[in-house]
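**Q** Each chain, letter by letter, is given below.
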Amino acid sequence: MEALTSILFHGLAYAMILYIVSVGLSVTMGLMGFVNLAHGVFAMAGGYVTVILMNRYAVPFALALAIAFVALALLSVILERTLYARLYGASELDQVLFTIGLIFMSVAIVRYLWGPLPQPVHLPHALSGQLDFGFRTFPTYRSFLIAAGFILIALLWLGIERTRFGAQLRAAVDNRRMAESIGIDTRRLFSLAFALGSGLAALGGGLGADILAIYPGYATEYLVYFLMVVAIGGLGSLRGPFIAALLLGFGDTACKYLVPELGAFFVFAAMIVLLLWRPAGLFGRA
Amino acid sequence: MRSWTSAVAAVCMAMGISTAGFAQTVKLGVVDTYSGPFAAVGELLDRGIRLYVKQHEKDLPPGVKLEIIRRDDTGPNPEVAKRVAQELITRDHVQLLAGTVYTPNALAIAPLATEAKVPFVIMNAGTSMITTKSPYIARTSFTMWQSSYPLGAWAAKNGIKKAFTAVTDYGPGIDAEAAFTKGFTDAGGQIVGSVHMPLQNPDYVPFMQRAKDAAPDAVFVFVPGGKDATSLMKTFGDLGMKAAGIKLIGTGDIATDEELANMGDVALGVVTAFHYSAAADRPANEAFVKAYKAEFGADQEPAFEVVGAYDGMAAIFHTIIAQQGHMDPDKTMELLKGWSDDASPRGPIMIDPETRDIVQNEYIRRIEKVNGALANVELETMPMVKDPWKELNHQK
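Here the protein sequences come in this chain order: A and B.
Just so you know, we're using the numbering used here here: the first sequence kicks off at 1373 and counts up by one.
Just so you know, we're using the numbering used here here: the second sequence kicks off at 13 and counts up by one.
Treat the hints with caution; some may be incorrect.
So the derived label-pair ranges between C-beta atoms look like this [to be verified]:
1) D1466/A x L280/B: 44 to 54 angstroms
2) P210/B x I1472/A: 21 to 31 angstroms
3) A1438/A x G281/B: 31 to 41 angstroms
4) V76/B x H1494/A: 43 to 53 angstroms
5) T1377/A x I186/B: 28 to 38 angstroms
If you're looking for bench data, these hints aren't it; they were derived computationally from the structure.
Virtual Cβ for every residue (Gly too), placed ideally from N, Cα, C.
Input sequences plus hints: build the corresponding full structure.
**A** Set out below in structure tokens:
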């Protein structure tokens, strides 16, 4: 029982990071049909901004996260306007080659700037140690991740379901031509959604820095997990990636725990079965 | 008339060649990981090479020049390692090979070293049997058995009765598990469970929880150094294993000097067996650490990978100096066999004349706070340990 709660708890914390980083990828891929493999680069860059602001300039954790979000959202708009926009409507292969190229460049740039070793992460004192929940204690940092994850999900849901921007976004994902013909500026919408997605990735990178280490290989090492969340969840939805992240977080953790010799393969087997059953993902439209 | 001028030209050319011949250039091909996600370790090896060359280039005989040709194997990619080694041998005509962070890469190059008779100095890869794969291989780094086997014996003698082993599922991990288990059970310990963890593994919670459930006195761990070690250490703390009275022990890979700063106080008390720590107070090491910091920055600590490459260059320089730059592969191997250095940063070392593998002190270290920072403090020294795997299996 004690082991089970422990697995559930840690699986949930892991799922939250996967979700926060990946949800933006799902939206931009669903909305623009753009295969952005370089999404993890924004998460990595967000991690670097957060950690370096904290270590070198003693910026508080929350403020560093906010700066990372804004900085990467802005940077992503610049990249979107100058680079990505040229490849809208290009073949998927071109997009894949382009974004893989971006990954390699980012790896080289961060290696040049900050060296090849993982960045040391010094969490604020309030987040280290254990938190007493009455029936047992859990690590404070992971509890914080879960709470932060749920808050972000609530905000996202409100933003997409309850605001004008959200309604336009949903309309554009559903039927881009129709949305354009009733006067929605999808071009502007794309830029905003791209900025939001990249900002969220940066936030995920910063929040999760103590679990997914911030080092130059970040964007390639974790790419598989981000893509799995999107593939299983389906493109263009908020709910899909969440369920997929939970499945991955719980499933991966539980199976590695229960059958360690095979556990590492579980998530991949699960993905194959799921995609055979629903090729567009759990909540995607074929 | 024409024949006369061409004859002069021919003589001049011949002289030109022969004067060039006075300057003896020795070509060393280095196969190391310079790009991709594993470039961090490759950089450490290269720093060891650069530092040694910078300090000792002046020791080369007059007229002898060392040319180092670096090639990138991009990570644990044996095909790439083999291809670049082949190019180094056939195109660049290197007389010596060195490098490889990873075992599979070293194994891929071994047959080439044999076929082309190019001595190959292993500067990092630590699987025991590598040196048995070519008579032209010598190693200056370490073997997994060298640290894990004595640690097993030490653990059994120091109040640890039940142990759980958790290792990364590849060559060195399997070696570490086998060696620790042998050393521990031979000394009366009992293994209560074991688990192999995948090489690509973002979260260590499930494996450490399993270890915790088995309620051992200690968990023996091997993971490749770097971020995985830090991640594992943090998980160990997060799951409250230290508070539950479980000790964490392992090879020095889980407590590399450059990662200690990232680990936090949970690492305090972790015991590892290894051949090098930057915190060691031998004069040779203190001078080495000082030179390293002067070269690469005051906040940098040399790690075992740096030392493996640094001593590898020392062995290579020894062969170049002894032959005055006229390199003969078999002579080079004879010079490497039995080569020793009493003042390596890690203490006295020797290349075993029989197995061509490194013989060195193993230190049992505990992570403690020294001047406010975590450091590997040496508790016990096991002098001049030969690779136990070869000793136990009578391998050469």
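**Q** Which numbered conditions among the earlier hints are violated in the structure presented, ordered from lowest to highest?
**A** none
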